[in-house]
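A.B. asks: Given chain A, work out where chain B should sit, using these hints.
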Amino acid sequence: MRAYLTMARNSMRSTFAFRTAFLMAAVAACFQLVATVALWSALLSNGGSIGGFTLPEMKAYLLVGYVTGWLGNAIGEWTLANRIRDGQVALDLVKPIETQKMMFAQVLGGLPMELIMIVTVGAGFVLVAGPMPGPSDVPLLLLSLLFVMPIRFCIGFLTTQLVFWTQNFHGVAWARNAIGAVLSGSLVPLSLMPGWLQVAAGVLPFASLTSTPALIYLGKVSTSTAYLLIGVQAFWVVALWFLARVAFRAASRQVTVHGG
Amino acid sequence: MVAESLVSLRRNTRLYRRSLGAVVRAVLEYVSDFWILIAAGIVTQSLGLVFLSVVMARVPHLNGWSYPEMVLIYALAGVSSGIVPVVSDGIWQLASFIHNGQLDYALTRPYPPLLQVMSAWVGFNGVGDLVASLAMLTWALLRVDVHWTPLNILIMLVLMLSGIALRLALCVVANTVSFWLRMPMPMFAMTAWQVGELARYPLGIYGFGLRFLLGAAAPFAFAGFFPAAWLLDRGGYAWLGILTPVVAVAWWIFAVYLFNRGLRRYESAGH
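Going down the list, the protein sequences come from chains A and B.
The opening position of the first sequence corresponds to residue 1 in the numbering used here, with each subsequent residue numbered one higher.
The opening position of the second sequence corresponds to residue 261 in the numbering used here, with each subsequent residue numbered one higher.
If you are wondering where the hints come from, they were derived from the structure by calculation, not from laboratory data.
Where is the CB? At the ideal position from N, CA and C, for every residue including glycine.
Among the clues, some could well be false.
Said to hold, decoys possible - Derived CB-CB ranges, DEER-like:
hint, chain 1, residue 1, chain 2, residue 2, range
1, A, R253, B, L414, 55 to 63 Å
2, B, H407, A, L197, 34 to 42 Å
3, A, S49, B, N520, 52 to 60 Å
4, A, R13, B, E527, 24 to 32 Å
5, B, G496, A, W165, 29 to 37 Å
6, B, V509, A, R19, 32 to 40 Å
7, B, I413, A, R19, 49 to 57 Å
If we strip away everything but chain A, and leave its shape as in the complex, we get (with noise of 0.2 Å):
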C-alpha cells in the first residue's frame, strides 16, 4: 500500500511542476468549450429547444462534460504506453507490485491539479456563459462523478494494452478519444442521436463518463433511474476492472523489447 501511495503523491507533484504545460492544456479545452456554446447558442438563439434541451440546459450540460472530460485525463495512459513502447514495461512486470494498481495510484495523483483547472475554467465559465441550472440534485451528482474516473481509468487501461500490439499509441489513443466522444454523449445528448447509435451508447461503457451525471445534473431523470444509472456506473467499474486485470495477463506475455 506505501509503494502504491508513494507512486500517487510523486506523480502529484510532477503535474504541479508541469502547472505551464497543464494550465495551457485548460486553456485550450477552453476553446473548445467556447466554440460549442457558440453553436448551440446560434442553433438555439430564438429560445426554442432541440430534443428537450434549452440553450441554459445545454450550457450546464456542457459544463459537466467539459469537467467529466478532466477527471482522470491529466496523467497515466501515455505514460504507461511509452513504457510498452521502448519496452521498459518489462522492469514493471519485475516489480513486486501490479502494474493496474501502481497505474491507478498515478491516475489518483493527477486528481488534485485536474481539480483546481476544473475549478477554475468552470467558475469562469459559470460567470461568463450567461444563466444556467444549478444541479437538481447534489448527492446523487457527486455519487455519480465519483465513478468517473475509474471507469475512464479502466478503458484508459484496456485501450493502452494494445500498443502491446501495435507498438504506437496515437492512433489507438485518437480514435478511442472520437469514439467515446460520440458515445459518451460528450458531442451531443444521446437522446439526439439516431437510434442505433443510441443502442451502442447503451451496451457500452462510454455512457457513464458524460451522459450520466450531465442527466442527473439537470434532472432529466427520475431519482429512481438516476440510482440505476448510477447502478450501472458501479457495474462497469468493477466489471473493467477486472477485464483489463485477465487482459493485462494475456497482454504482458505480447512484450518484445528491442530498441532502436
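C.D. replies: Here is chain B on its own, set in the frame of chain A:
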C-alpha cells in the same frame, strides 16, 4: 540568379520528398499502426459531421447557413488541416528537438533546418483526415447552390491551395514559439491548433473577440471559412476570401523570419 534559385528549389523539393519517403518506409515497418492511424483520422474527422447532421436534422439553418454549406466549410477546413500532418508532421517535434539539443543534427547538414524539421515525420492520421474531408467536400459541393464557371473553379482551387499553405504557415509559427518557451511538449502549438478548430464553423456565430482572433490575429478562417464564403458569395465575408493568397504569403514570410530568429536563440544545450 533566377536559374540558380530554380535549381535550389528543385534540389530542396527533391530532398524534401526523399526525406518524407525515408519516414514512410520506417512507418510502414509497423503496418497495423499505419492502418489504425488512418482509421483514427477518418473517425476523428467524422465527429463534426456527426454533430452537424444530428443537430441540423432538427434545425434547418444555423446563423443563415444551410446543412450542405456548413459541411462545405467544415470539409474545406478539414482538407487544409489534414494536409499538415502528411507533409510536415515533423514540425510538432521541434519543441522536443530543442529540449534535447537534438536540433544540432539539422544544423550540420547543408539543407534548410526548417525543411529538415518539417520533413522529419509523416502523420498518417492526416491521410485519414484527407479521405474523410474530401468525401465530405465532394458531397457538399454537389449540393450547394453555386453557378460553376471555369473561372470560379480556377479561383476556388487557388484559394484552397492558399488556405493549405496558410494553415501550414500558422502551424510552423505556433511550433516555432517553442524556441522561446522552455517546454518539451509543443503546448502552445496544441492550443493554437484547438483555436484553428473553431474556424470550422461560420465566423458569425462567435463574439467580437473570437471573430478578431480567427479572422485577423491568427487567421485560421482563411483556411476554410472565407474561401467557402467567397464561393457561396455571402454578404460581408465574400470579398475577404479572395485575399487568402496574400494572407498565406504574408504568414509564410513571417514564419521563415521567426524560425530564423529562433535559430539564433538556440543554444544546443537543451533544457
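A.B. asks: Are the hints correct? Go through all of them and say.
C.D. replies: A quick look at each hint next to the structure:
1. In this structure, R253 (chain A) and L414 (chain B) meet the distance hint of 55 to 63 Å, their C-beta atoms being roughly 59 Å apart.
2. At about 37 Å, the beta-carbon gap between H407 (chain B) and L197 (chain A) stays in the expected band of 34 to 42 Å.
3. Checked against the hint of 52 to 60 Å, the pair S49 (chain A) and N520 (chain B) passes, with Cβ atoms roughly 54 Å apart.
4. Here the CB-CB span from R13 (chain A) to E527 (chain B) is close to 28 Å, well matched to the stated 24 to 32 Å.
5. Judged by the Cβ atoms, the range 29 to 37 Å given for G496 (chain B) and W165 (chain A) is violated: they are separated by roughly 52 Å.
6. Between V509 (chain B) and R19 (chain A) the CB atoms are about 38 Å apart, so this pair conforms to the stated range of 32 to 40 Å.
7. Roughly 51 Å separates the CB atoms of I413 (chain B) and R19 (chain A), a value that falls within the hinted 49 to 57 Å.
When the structure is compared with the earlier hints, a violation turns up for hint 5 alone.
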